[in-house]
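Using the sequences plus the hints, can you model the full thing?
Order-wise, the sequence lines are chains E and V.
Each residue of the first sequence is one higher than the one before, counting from 0 in numbering that gives the first Met the number 0.
Each residue of the second sequence is one higher than the one before, counting from 0 in numbering that gives the first Met the number 0.
Just so you know, these hints were derived from the structure itself, not from any lab.
Please note that a few of the clues may not be correct.
[Claimed, not checked] Covered stretches of chain E, as calculated for chain V (at least 3 residues, CB under 8 Å):
no.: 1; stretch: 13-22
no.: 2; stretch: 28-39
no.: 3; stretch: 221-234
[Claimed, not checked] Output of the computed footprint for chain V on chain E, the stretches with three or more beta carbons under 8 Å from beta carbons of chain V:
no.: 4; stretch: 1-7
no.: 5; stretch: 54-66
no.: 6; stretch: 82-92
no.: 7; stretch: 196-208
[Said to hold, decoys possible] Okay, derived cross-link-like pairs now, DSSO-like style, lysine-lysine, Cα gap no bigger than 30 Å in a straight line:
no.: 8; chain 1: E; residue 1: Lys97; chain 2: V; residue 2: Lys367
no.: 9; chain 1: V; residue 1: Lys172; chain 2: E; residue 2: Lys136
no.: 10; chain 1: V; residue 1: Lys172; chain 2: E; residue 2: Lys164
no.: 11; chain 1: E; residue 1: Lys136; chain 2: V; residue 2: Lys131
no.: 12; chain 1: E; residue 1: Lys244; chain 2: V; residue 2: Lys367
no.: 13; chain 1: V; residue 1: Lys367; chain 2: E; residue 2: Lys243
no.: 14; chain 1: E; residue 1: Lys210; chain 2: E; residue 2: Lys243
Even glycine gets a Cβ: it sits at the ideal position worked out from N, Cα and C.
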Amino acid sequence: MGVFKLASCDGCQLTLLGCEDELLALAERVEIAHFPEASSRLDPHGTFDLVLVEGSVSAPFQRDELLSIRARAKKLVTIGACATSGGVQALRNGRDVKGFIASVYATPEYISTLDDSTPVSAHVPVDYELRGCPIDKRQLIEVLTALLVGRRPNIRDESVCMECKRQGNMCVLVTRDEPCLGPVTHAGCGALCPSFDRGCYGCFGPKEQAKTSALAARFQRDGMVPVELVRRFRGITAGAEAFKKEGERHE
Amino acid sequence: MSERTFSVDLMTRVEGEGRFSLTVRDGKVIDASLAIFEAPRFFEAFLQGRSTHDVCDIVARICGICPIAYQMSAARALESALGLRTTPEIEQVRRLIYCGEWIESHALHVFMLHAPDFLGYESAIEMARDHKPLVERGLRLKKWGNRLIEVIGGRPSHPVSPRVGGFSRAPSKAALLAIRDDLARGVEESIETARWAATLPMPDLSCDYVFAAITGTSDYPLEFGTHIAVSGRGEWPVEQWGDVMVERHVRHSNALQATLADGTPYLCGPQARLHHHRDKLNPVARQLADELSLPATVDNPYRSIVVRAVELTHAFAEALAIVDRYERPEQAYVEGAMRAGVGYGATEAPRGLLWHRYELSADGTVAKATIVPPTSQNQARIEADLVALGPSLIAMEHKAATVRAEQLIRSYDPCISCATHFLELEINREDVP
Numbered sequence: 000m001g002v003f004k005l006a007s008c009d010g011c012q013l014t015l016l017g018c019e020d021e022l023l024a025l026a027e028r029v030e031i032a033h034f035p036e037a038s039s040r041l042d043p044h045g046t047f048d049l050v051l052v053e054g055s056v057s058a059p060f061q062r063d064e065l066l067s068i069r070a071r072a073k074k075l076v077t078i079g080a081c082a083t084s085g086g087v088q089a090l091r092n093g094r095d096v097k098g099f100i101a102s103v104y105a106t107p108e109y110i111s112t113l114d115d116s117t118p119v120s121a122h123v124p125v126d127y128e129l130r131g132c133p134i135d136k137r138q139l140i141e142v143l144t145a146l147l148v149g150r151r152p153n154i155r156d157e158s159v160c161m162e163c164k165r166q167g168n169m170c171v172l173v174t175r176d177e178p179c180l181g182p183v184t185h186a187g188c189g190a191l192c193p194s195f196d197r198g199c200y201g202c203f204g205p206k207e208q209a210k211t212s213a214l215a216a217r218f219q220r221d222g223m224v225p226v227e228l229v230r231r232f233r234g235i236t237a238g239a240e241a242f243k244k245e246g247e248r249h250e
Numbered sequence: 000m001s002e003r004t005f006s007v008d009l010m011t012r013v014e015g016e017g018r019f020s021l022t023v024r025d026g027k028v029i030d031a032s033l034a035i036f037e038a039p040r041f042f043e044a045f046l047q048g049r050s051t052h053d054v055c056d057i058v059a060r061i062c063g064i065c066p067i068a069y070q071m072s073a074a075r076a077l078e079s080a081l082g083l084r085t086t087p088e089i090e091q092v093r094r095l096i097y098c099g100e101w102i103e104s105h106a107l108h109v110f111m112l113h114a115p116d117f118l119g120y121e122s123a124i125e126m127a128r129d130h131k132p133l134v135e136r137g138l139r140l141k142k143w144g145n146r147l148i149e150v151i152g153g154r155p156s157h158p159v160s161p162r163v164g165g166f167s168r169a170p171s172k173a174a175l176l177a178i179r180d181d182l183a184r185g186v187e188e189s190i191e192t193a194r195w196a197a198t199l200p201m202p203d204l205s206c207d208y209v210f211a212a213i214t215g216t217s218d219y220p221l222e223f224g225t226h227i228a229v230s231g232r233g234e235w236p237v238e239q240w241g242d243v244m245v246e247r248h249v250r251h252s253n254a255l256q257a258t259l260a261d262g263t264p265y266l267c268g269p270q271a272r273l274h275h276h277r278d279k280l281n282p283v284a285r286q287l288a289d290e291l292s293l294p295a296t297v298d299n300p301y302r303s304i305v306v307r308a309v310e311l312t313h314a315f316a317e318a319l320a321i322v323d324r325y326e327r328p329e330q331a332y333v334e335g336a337m338r339a340g341v342g343y344g345a346t347e348a349p350r351g352l353l354w355h356r357y358e359l360s361a362d363g364t365v366a367k368a369t370i371v372p373p374t375s376q377n378q379a380r381i382e383a384d385l386v387a388l389g390p391s392l393i394a395m396e397h398k399a400a401t402v403r404a405e406q407l408i409r410s411y412d413p414c415i416s417c418a419t420h421f422l423e424l425e426i427n428r429e430d431v432p
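Below, the structure is given as structure tokens:
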């Protein structure tokens with residue numbers, strides 16, 4: 000296995016090191032051949048049965064690196080919101096990044112960056128996408144286990160609402176009119192935000208067939224102004240198609 | 000003429016992507032650089048136009064290892080801009096969750112990132128083959144820190160409850176009591192950790208540091224300070240820090256470098272905190288420092304592993320004391336009206352001083368954000384220390400010398416992902432070339 004990083008905060012690969020009870024057992028079953036954050040033993044040009052990619056493609060060298068990694072990986076799994084949707088740094092997409100840099104730096108050629116922050120799937124085929132900012136430890140272990148034994152990961156495509164109901168939470172949207180993206184957001188976090196008395200802010204990105212317009216209409220009915228609607232959908236997973244489109248509708 | 004270059008193209012066991020190069024000619028260092036090639040993510044640019052209440056969620060994403068530091072410095076700065084005052088009960092919860100982050104981050108660094116250098120392994124996983132109890136202890140301590148963060152904030156990376164004014168929800172006493180025994184064991188096991196760290200063979204190096212840490216309270220600095228103390232120079236209110244230090248854009252780095260206004264590099268982090276505040280350590284940690292004959296001024300950067308271990312004990316002991324006297328706050332957060340203003344906030348991230356400044360518009364949206372992370376501040380100092388180390392590498396075999404240099408940089412627990420996002424993007428049309 001190899002763990003590679005593009006533009007990111009390191010939080011998702013840290014989730015692997017955060018599997019405190021499972022890490023040593025995992026290392027007995029899987030040869031971790033390249034994981035710079037954890038080991039000085041590197042194999043940057045090797046071939047891999049499985050590659051975990053954290054981070055978005057944000058600079059030209061990362062695009063090249065990704066193509067090279069894909070060519071050497073039997074299976075490639077993206078971990079986290081950056082790798083699956085472009086991440087929080089996709090908030091810069093559509094803005095004049097080159098203009099920013101030229102206006103600040105006397106020597107803009109020191110800085111190499113792409114205009115947009117894009118997910119891994121925009122550049123190479125991806126075998127499995129693990130959502131979340133950060134990813135959930137239990138889901139990571141499920142994916143690694145499934146790949147080890149050669150079955151499909153058992154991760155349901157359902158909304159945060161389903162997890163929230165199973166937790167027995169009172170609905171923050173229905174009972175308190177608290178804006179909550181739970182109905183349109185992919186499950187996996189364990190309905191954390193509603194469990195902590197706040198609305199979901201969508202850090203696992205949109206679920207399949209997310210009815211974002213219906214939810215936006217509900218927010219509007221409760222008095223949310225367009226500029227705030229845009230901000231709600233343009234958050235940690237701003238680059239994900241359903242959220243991006245819904246944000247644009249209210250601009 | 001003899002010339003040797005020691006370099007590593009991708010540094011390992013650090014957070015983020017960097018390389019270093021050190022060239023020594025005829026016994027003199029002619030070039031030393033720590034280059035940060037981590038791709039910039041432009042946080043300060045896209046914070047503009049966001050609501051006050053978005054900031055804590057967004058800045059957490061600067062760093063997966065120390066998100067709480069970002070949330071806390073941001074909340075402080077925004078509260079000062081809005082004229083909001085939290086309650087002592089809320090501040091206790093802040094210290095508690097921040098202790099969790101110190102524990103998680105320090106345990107990660109001491110055991111997983113730094114210890115393999117001293118014992119001669121490439122990773123903690125490899126080290127576990129010969130030193131399983133040691134690595135298991137590290138994982139246990141880290142887990143207890145993460146557990147503490149989870150109880151208060153839901154998850155270790157990017158916790159969801161911290162917000163401007165406090166927390167969306169404060170933990171129940173029962174939830175904290177459920178992890179009390181772990182914290183008590185953490186005190187004991189971290190003491191053992193410090194005793195072990197003190198026995199490690201330390202490479203020789205003595206640096207003449209200027210230390211910077213927050214100050215202004217009777218406590219060892221963590222989640223709050225009114226001033227920033229700079230050894231040999233004086234103290235300045237947090238609001239003035241932007242005038243005391245200057246930031247430069249250097250060719251080899253995607254992060255700006257900070258120095259004092261006269262160009263002097265300075266150091267923040269565990270050694271700086273210990274220098275300014277050793278007498279304020281929790282009594283259990285202070286006693287430990289005495290037992291280990293750990294002075295206030297530790298001038299050998301390799302020895303920071305001992306300082307970090309003592310701070311681990313401090314964080315566990317503080318957390319335990321807070322849990323024992325904890326009463327759930329009646330109010331988890333305070334609220335106030337939005338208004339235009341400027342606010343500053345500084346807290347002590349595990350790896351050092353983290354300073355934020357925000358300008359808010361009348362409706363509470365962010366007009367300008369400035370974030371100065373610890374690694375940007377330490378970067379110039381790290382390069383100066385590479386220069387100091389250079390001559391001693393000449394007599395060493397090449398690989399060992401390179402490892403020694405990388406170990407030096409690792410001693411500062413650099414967080415390269417953080418430092419990069421500090422790229423300041425300010426639109427000033429007059430400056431367009």
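The hints, checked one at a time:
1. 13-22: holds (count 7)
2. 28-39: holds (count 7)
3. 221-234: Coverage by chain V holds here, the residue count being 3 at a Cβ distance below 8 Å.
4. 1-7: holds (count 4)
5. 54-66: holds (count 4)
6. 82-92: This one holds; 5 residues, not fewer than the three required, reach chain V with a Cβ under 8 Å.
7. 196-208: holds (count 4)
8. E:Lys97 with V:Lys367: Distance of about 19 Å is within 30 Å: holds.
9. V:Lys172 with E:Lys136: 26 Å, holds
10. V:Lys172 with E:Lys164: 25 Å, holds
11. E:Lys136 with V:Lys131: Distance of about 23 Å is within 30 Å: holds.
12. E:Lys244 with V:Lys367: 27 Å, holds
13. V:Lys367 with E:Lys243: The hint holds at about 24 Å.
14. E:Lys210 with E:Lys243: At roughly 13 Å apart (the allowed maximum being 30 Å), lysine 243 of chain E and lysine 210 of chain E satisfy the hint.
In this structure, none of the earlier numbered hints is contradicted; all agree with it.
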